[in-house]
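Asker: Chains as they are written, first to last, in numbering that gives the first Met the number 0: chain A, 0 to 427; chain B, 0 to 427.
Certain hints may be false.
Listed below are the simulated DMTMM-like cross-link pairs for lysine to aspartate or glutamate, each with C-alpha atoms no more than 20 Å apart in a straight line [unchecked claim]:
#, chain 1, residue 1, chain 2, residue 2
1, B, Lys288, A, Asp289
2, B, Lys288, B, Asp97
3, A, Lys288, B, Asp97
With beta-carbon atoms standing in for the labels, derived distance ranges [claimed, not checked]:
#, chain 1, residue 1, chain 2, residue 2, range
4, B, Phe130, A, Asp48, 45 to 53 Å
5, A, Gly28, B, Ala292, 29 to 37 Å
6, A, Gly222, B, Ala292, 50 to 58 Å
Covered stretches of chain A (in silico footprint by chain B; criterion: 3 or more residues with CB under 8 Å from a CB of chain B, positions within the stretch not fixed) [stated by the list, open to error]:
#, region
7, 7 to 16
8, 81 to 95
9, 231 to 238
10, 242 to 250
11, 255 to 262
12, 362 to 373
It should be emphasised that the hints constitute simulated quantities derived from the structure, not laboratory data. Positions of the beta carbon are idealized from the N, C-alpha and C atoms, including for glycine.
There are 2 protein chains.
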Amino acid sequence: MSHFLQLLLLLSLVILVAKLAGALAGRIGQPSVFGEILAGLILGPTVLDMLGWPVFATISGGGTGSEAGEALPLLPLVRDLADVGVVLLMFVAGLETDLVEMRRVGRVAFWSAFGGVVLPLVLGAATAVAFGFPLYWQGIFIGTILTATSVSISAQTLLEIGAFRSREGATILGAAVIDDVMGILVLSLVVALAKASSGAAGASGVDVRALLLVGGRIVLYFGAAWACGRLITPVLRWASSLGVSQAVLAGALVIAFLYAWAAEYVGEVAAITGAYVAGVLVAQTPYKKDVDAGIHPLTYSMFVPLFFISIGLQANGRELGAHAGFTVLLVLVAIVSKVVGSGVLARLAGFDARASLRVGVGMISRGEVGLIVAGYGLTNGIIPRDVFSASVLVVLVTTMVTPPLLRLVFPRRAGEHVQMEESIAHHP
Amino acid sequence: MSHFLQLLLLLSLVILVAKLAGALAGRIGQPSVFGEILAGLILGPTVLDMLGWPVFATISGGGTGSEAGEALPLLPLVRDLADVGVVLLMFVAGLETDLVEMRRVGRVAFWSAFGGVVLPLVLGAATAVAFGFPLYWQGIFIGTILTATSVSISAQTLLEIGAFRSREGATILGAAVIDDVMGILVLSLVVALAKASSGAAGASGVDVRALLLVGGRIVLYFGAAWACGRLITPVLRWASSLGVSQAVLAGALVIAFLYAWAAEYVGEVAAITGAYVAGVLVAQTPYKKDVDAGIHPLTYSMFVPLFFISIGLQANGRELGAHAGFTVLLVLVAIVSKVVGSGVLARLAGFDARASLRVGVGMISRGEVGLIVAGYGLTNGIIPRDVFSASVLVVLVTTMVTPPLLRLVFPRRAGEHVQMEESIAHHP
Numbered sequence: 000m001s002h003f004l005q006l007l008l009l010l011s012l013v014i015l016v017a018k019l020a021g022a023l024a025g026r027i028g029q030p031s032v033f034g035e036i037l038a039g040l041i042l043g044p045t046v047l048d049m050l051g052w053p054v055f056a057t058i059s060g061g062g063t064g065s066e067a068g069e070a071l072p073l074l075p076l077v078r079d080l081a082d083v084g085v086v087l088l089m090f091v092a093g094l095e096t097d098l099v100e101m102r103r104v105g106r107v108a109f110w111s112a113f114g115g116v117v118l119p120l121v122l123g124a125a126t127a128v129a130f131g132f133p134l135y136w137q138g139i140f141i142g143t144i145l146t147a148t149s150v151s152i153s154a155q156t157l158l159e160i161g162a163f164r165s166r167e168g169a170t171i172l173g174a175a176v177i178d179d180v181m182g183i184l185v186l187s188l189v190v191a192l193a194k195a196s197s198g199a200a201g202a203s204g205v206d207v208r209a210l211l212l213v214g215g216r217i218v219l220y221f222g223a224a225w226a227c228g229r230l231i232t233p234v235l236r237w238a239s240s241l242g243v244s245q246a247v248l249a250g251a252l253v254i255a256f257l258y259a260w261a262a263e264y265v266g267e268v269a270a271i272t273g274a275y276v277a278g279v280l281v282a283q284t285p286y287k288k289d290v291d292a293g294i295h296p297l298t299y300s301m302f303v304p305l306f307f308i309s310i311g312l313q314a315n316g317r318e319l320g321a322h323a324g325f326t327v328l329l330v331l332v333a334i335v336s337k338v339v340g341s342g343v344l345a346r347l348a349g350f351d352a353r354a355s356l357r358v359g360v361g362m363i364s365r366g367e368v369g370l371i372v373a374g375y376g377l378t379n380g381i382i383p384r385d386v387f388s389a390s391v392l393v394v395l396v397t398t399m400v401t402p403p404l405l406r407l408v409f410p411r412r413a414g415e416h417v418q419m420e421e422s423i424a425h426h427p
Numbered sequence: 000m001s002h003f004l005q006l007l008l009l010l011s012l013v014i015l016v017a018k019l020a021g022a023l024a025g026r027i028g029q030p031s032v033f034g035e036i037l038a039g040l041i042l043g044p045t046v047l048d049m050l051g052w053p054v055f056a057t058i059s060g061g062g063t064g065s066e067a068g069e070a071l072p073l074l075p076l077v078r079d080l081a082d083v084g085v086v087l088l089m090f091v092a093g094l095e096t097d098l099v100e101m102r103r104v105g106r107v108a109f110w111s112a113f114g115g116v117v118l119p120l121v122l123g124a125a126t127a128v129a130f131g132f133p134l135y136w137q138g139i140f141i142g143t144i145l146t147a148t149s150v151s152i153s154a155q156t157l158l159e160i161g162a163f164r165s166r167e168g169a170t171i172l173g174a175a176v177i178d179d180v181m182g183i184l185v186l187s188l189v190v191a192l193a194k195a196s197s198g199a200a201g202a203s204g205v206d207v208r209a210l211l212l213v214g215g216r217i218v219l220y221f222g223a224a225w226a227c228g229r230l231i232t233p234v235l236r237w238a239s240s241l242g243v244s245q246a247v248l249a250g251a252l253v254i255a256f257l258y259a260w261a262a263e264y265v266g267e268v269a270a271i272t273g274a275y276v277a278g279v280l281v282a283q284t285p286y287k288k289d290v291d292a293g294i295h296p297l298t299y300s301m302f303v304p305l306f307f308i309s310i311g312l313q314a315n316g317r318e319l320g321a322h323a324g325f326t327v328l329l330v331l332v333a334i335v336s337k338v339v340g341s342g343v344l345a346r347l348a349g350f351d352a353r354a355s356l357r358v359g360v361g362m363i364s365r366g367e368v369g370l371i372v373a374g375y376g377l378t379n380g381i382i383p384r385d386v387f388s389a390s391v392l393v394v395l396v397t398t399m400v401t402p403p404l405l406r407l408v409f410p411r412r413a414g415e416h417v418q419m420e421e422s423i424a425h426h427p
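Let's have the full structure, built from the sequences with the hints guiding it.
Answerer: Below, the structure is given as structure tokens:
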């Protein structure tokens, strides 16, 4: 089978399996992202090792021309497609971040998010150090993976137990959105600092001059990004006047890709941060709805399934045996640190003990952002593959325990079980 | 710069340049596809050799991990993305093929299309043979490249000269759609027969038994494709009940990719034929609008620009010097054979001489389908790169001469100059 036929078959299989697994997860009361990641693990080297199958493993003599020899291996190709997908996903996440709503949910949500970012970061790093990882930067990076709560999983679970419109529910959702932003900020700082230190003073120390340089570049990037943000509306308005097909969406894509590129090339922060920033800025323009409607369908039907399955293709559960202690502890730290960090700060911000516990439990689930951060670390050689695999397990387990734990701490209400996955999927 | 940053920069540049070039082409009275292909040629080895620039040519030591070494070269990656884009494009083309309309425009359109397929096929092959190419299968394949008229270019030009709703205009559009289908059928037969002959009796002869086998496989594929078509509505209805995001679109994508895969793997016809068939079948279901609305924006804003630019990246105008005679003659044959083939059969089918000339001239422009056929031939080693480059020139020149020639043969009418590139871009 020629390379391109393999690619077509692989795309069919990935989309089919991801969506079926997502639907199956829904049947057993889990969010669809849980099923998609688990399906990826099953297709990956952990169980079936799909890319090792004869049909995908070798490029047979299907092509006869001089071009045939240049055919690509499938795993890096899937990874490139998934990476483009992640940039699109983060752009959509930025598009759908409601800055006004974030201000509205206010004080308690902000502090819950803050506690739920700091404590997992600190305890995650401490756990990593306890197991022999250097604090700079592997330890801190592992902590960073634990920071961001999954909005989509929290929202879906709250809907399913009928607590979507409760005071605690609103706080959880607000905090989950805010801690995405915080998580991305932490990632940006860590990536920038890690680069500065590895470039100047080796892996274990920090050079003050390099730090200042990096700080300057970060400020330069975000300053320029914000300043250029004012140009987005006129640029897209101009694009819409060009009379070529899909000009506004094409303009928005160019902006997203350039912001992502510049984030890493100019600002020393992760490309996905740039895509997110571009999304937030485009969301302030009159073109938000058009761009979102244009980019959302193919992103969620093709690129996002590719991303989730590629997570499983890159992870290897078989490697976890040797690090079982670390993995189990990391999962426990991920759960406890979120409940305590978010819960205690919600209590300090004025919620009573029961409500604070609910908020803390509602923040447990991790999802896309954690996986994106872990994938970034793997690709850039910051974390080894076994830590990546452990991070995937953290996402799976925290996702799995959130619904039953939420049911435990929330009073049971009937009715309100609504199937509106589509509207939730709009959130990161 | 790391591999992924190169990819982000390349995607930004490709989309930006393609859309700007498309808009510029519109300003000088050319369809946007003309500008996009020309921009690709300029970016490609013919002029600027973009992928040879230091920023794209080498993977510097940006990645530090074990993954970095697996980074892909950019040209095959762009080609894979463009190939996925072509499958999506042909699927959209199928989606938007109106079988009812094709029946309605009737007899004259059908015979114009027929004449405009047969004569270019025969004369193109004869030209190739005269220049020393073997008839089987290079000659016939070169003829095949000349068969399909570009609907989008014809439609845009007719709009611009205010002849969109004339009797000749409707006939041209109908014939252009019909000859797309005929062109794809010819391509399917040629590919299948070429495979059969190269497998059995060498490149210059045809083995009757192998032919029968291929015929059987073609019948099997189209039979199975049609039979499975009845299942598409229930499958998509079932998908829409799964409660996962973008399930219908994901289902349609899986169908498109599987039909494309099976076309080549089972039916021995080109994968793009399968994608087109899937599109025609999905168009018969109640989900046509949803699928089209979901797949159209990102296809036309990202994948189609990638396809047009990749055409230019793969062609090399500098090679044409040595084959100037062949190239010039091929361009002339492309123009004359279409005018004569379509015009004479329109006359025989009942149009008067003036109307027949208008129909013939309106069918000159070639576009996406010709490029797709040529790209298929290049990738599968059926035609060498210089013939591919000559084919790109055929598309450019026929596109360029159609608008002024149409203005010459149509009576000048005022007004009606409408900017509706978007609605036309919906057609193949």
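Asker: Determine for every hint whether it applies to the structure shown.
Answerer: Outcome of the hint check:
no.: 1; hint: B:Lys288 x A:Asp289; verdict: holds (17 Å)
no.: 2; hint: B:Lys288 x B:Asp97; verdict: holds (13 Å)
no.: 3; hint: A:Lys288 x B:Asp97; verdict: violated (30 Å)
no.: 4; hint: B:Phe130 x A:Asp48: 45 to 53 Å; verdict: holds (50 Å)
no.: 5; hint: A:Gly28 x B:Ala292: 29 to 37 Å; verdict: holds (32 Å)
no.: 6; hint: A:Gly222 x B:Ala292: 50 to 58 Å; verdict: violated (38 Å)
no.: 7; hint: 7 to 16; verdict: holds (count 6)
no.: 8; hint: 81 to 95; verdict: holds (count 3)
no.: 9; hint: 231 to 238; verdict: violated (count 1)
no.: 10; hint: 242 to 250; verdict: holds (count 8)
no.: 11; hint: 255 to 262; verdict: holds (count 4)
no.: 12; hint: 362 to 373; verdict: violated (count 0)
Comparing the model with each numbered hint stated earlier shows that hints 3, 6, 9 and 12 do not hold.
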